[in-house]
Amino acid sequence: MMTTGEAWKIDAFVDGELDLAGQLEIEQRMDHDEALRQRIEAVRALRESVREKADRHVAPAGLQERMTTMLGAARREPAAPAAVAKSSSAGWTQALERWLAWRPLVASTAFVGLLAVTVNVAVLQSSQQDRLMDEAVASHVRSTVGQHLVDVASSDQHTVKPFLSQRLGFSPPVRELQLPGSVFVGGRVDYLGGRPVAALVYRQGEHVVNSFVWPDTAGSDTAPEFALERGFRIAHWAQGGMRHCVISDVNRDEFQRVVDSVRLAAATG
Amino acid sequence: MADDADWRRFEQMAMPHLDAAYNLALWLTRNADDAQDVVQEALLRAMRYMGTLRLESARPWLLQVVRHTCYTWLKENRPAEQVLLDDPEDAWRDLAASSSNEPPALAIRKADAQQINDAIAALPVAYREVFVLRELEDLSYGDIARIAEIPIGTVMSRLARARGLMRTALAPNGRPVLRTVARSAQGGVST
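The listed protein sequences correspond, in order, to chains A and B.
Note that the working numbering has the first sequence beginning at 1188, numbered continuously upward.
Note that the working numbering has the second sequence beginning at 15, numbered continuously upward.
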C-alpha cells in the first residue's frame, strides 16, 4: 500500500510525469497491490471523464474581433503605445515587470492611455456594428412591406446564383435550407454598410428570412453572434471568407434552427 | 521600440492562444463577462512586455499574464477567493488518508458534464487553476509551475488535492466539495 505521503506519485504516474524508475516502480507494485490499482484507475477515470465532458471555453467572436482590432489599432498608430513606451526608455520593461509582480493596483499613465485607445476602438467598432444592424433591419422591413422582396424569384439555386454573381462581383453561396417548412423564394441585390451584398430570401411558414452575404476582409471564421433589434432576431458571423447576416421575426428556437441551416448550406454550397 | 514587425509577431504568437486565455480566465473568474474583461486587460499588459515573448513558450507566457490579471481582478472584486491560497501544503493528506472508501472509477465515469463542470467550479481557486491547466489545457507540470509561479512539488500536491476533491464530489452520495466562503460571512472582514 502506498503511504499517504506519496499519494502525489499516483497522479504524477498517471500524468506520465515520473522519471523512468518511478514509473516502473509503480507499475510493478500495481500487479500485487489492489488498492493502489484501484486508486490509479480512479485517477484515470477522472482524467478521461473531465477531458471528455468538461467545458473548454472558447473565446466569443466579439472578444476575438475586439482583440484583433485593438492590436491592429496599436500597430497602425505607434504614436499611442510606442510613444509612451519610448518616453520612459530602458527602465520601462523592468518597471513594468515590477509593477506586474508586486503592485498590480498602481495605475500607470501608459496603461490608462492605452486603455483609452482601446475603449475608443471598441466604441467605434460597436457603433459600426450597430449601424450595420440598423441597416439590416431597415432592409429586411423594406423587403417585407414593399413589392421588392426579390430581384430573381426562383427556388432554383442554379438560376439565382449566376444572377447574383453577375451583378455583385462575387459569388455568394446559394442553397435552399435543409429545414422543414423552409421555402427558398429567391435573391436580390441589396446594400449594407455602403457595399452591395447578396440577399437570399426564404420563407419559414408565415415569416420571411433575409440572409445577407458579402465578402469578408478579416479572414477567419467566427461563431454567430445573436442580437435582438426592434423585435427582429439577427445573427451575424464570418464563414468561408464571407460575412453572413441573417434576420427574421421567427421565434428564438426557430431562428436558431434557421441560422444552423444557413451555416450548413453555406458550408456545402 | 515597438515597430510594425513586433506587433505582427505579437499578434501571430498571442492570438492563437486566445481560447486558452479565455478558458483560464473564465474558470478562474467563473463569469463570462468578467473573463472577457480580464483577457482584454491581460492582452494590454502582454503587449507591453512582448519583448520577452518566445515562440516555443507563447502559450504559458500568455497564460501567466492572464493568471496575474485574474488574481489582481479577484483581489479587487472577490477578496474571499484568496482565502485558500494559503492552504497548508499538507492539507490534501487528510483526503488521501481517507482512501479506504474510494469511490469506484465507474461512478466517476458516469458523471455527466454538468456535475463535472460544477465540481471544477467549486474547487478552491488555487486547486482549480492547477486542475484546469492540467486537464483542460494539457500543460506539463513544468509549464504549470511557471504559470502559477510555484515549485513543481507544489504543482504535484495541489493537483493531487484537486483530484481528490473532484473524486469526492463525483462519488455517489458524495459530500459537496469544500466551497470558498466569503471572509465576511465567517466573521472576520479583511481589508
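The hints are simulated quantities; they were obtained by calculation from the structure and are not laboratory data.
Please read these numbers as outputs of a predicted model, since none were measured by experiment.
Even for Gly, the Cβ is constructed at its ideal location relative to N, Cα and C.
Keep in mind that the hints are not guaranteed to be accurate.
Said to hold, decoys possible - Non-contacting residues of chain A with respect to chain B, defined by C-beta distances greater than 10 Å in every case (computed): (1) Asp1206; (2) Glu1235; (3) Ser1236; (4) Asp1242; (5) His1244; (6) Ala1246; (7) Gln1251; (8) Ala1261; (9) Phe1357; (10) Ala1414.
As the list claims (entries may be wrong) - Within a straight-line C-alpha distance of at most 30 Å, the following computed DSSO-like cross-link-like pairs (lysine-lysine) qualify: (11) B:Lys124 / A:Lys1240; (12) B:Lys89 / A:Lys1348; (13) A:Lys1196 / A:Lys1240.
Do the hints match the structure? See the list:
1. Asp1206: Non-interface label stands for A:Asp1206: nearest chain B Cβ at 12 Å, farther than 10 Å.
2. Glu1235: Since the minimum Cβ distance to chain B is about 7 Å, A:Glu1235 lies within 10 Å and the statement is violated.
3. Ser1236: violated, 5 Å
4. Asp1242: Non-interface label on A:Asp1242 violated, nearest chain B Cβ at 6 Å vs cutoff 10 Å.
5. His1244: Given a closest Cβ separation of 4 Å, the condition is violated.
6. Ala1246: Non-interface label fails for A:Ala1246: nearest chain B Cβ at 4 Å, not farther than 10 Å.
7. Gln1251: violated, 6 Å
8. Ala1261: Not fine: 6 Å to the nearest Cβ puts A:Ala1261 too close to chain B.
9. Phe1357: holds, 27 Å
10. Ala1414: For A:Ala1414, whose nearest Cβ neighbour in chain B is about 16 Å away, the distance exceeds 10 Å, so it holds.
11. B:Lys124 / A:Lys1240: Since the Cα atoms of B:Lys124 and A:Lys1240 sit roughly 11 Å apart, the hinted pair holds (cutoff 30 Å).
12. B:Lys89 / A:Lys1348: Not satisfied, since the Cα-Cα distance of roughly 57 Å exceeds 30 Å.
13. A:Lys1196 / A:Lys1240: holds, 25 Å
In summary, the structure is inconsistent with hints 2, 3, 4, 5, 6, 7, 8 and 12 from the numbered list given earlier, while agreeing with the others.
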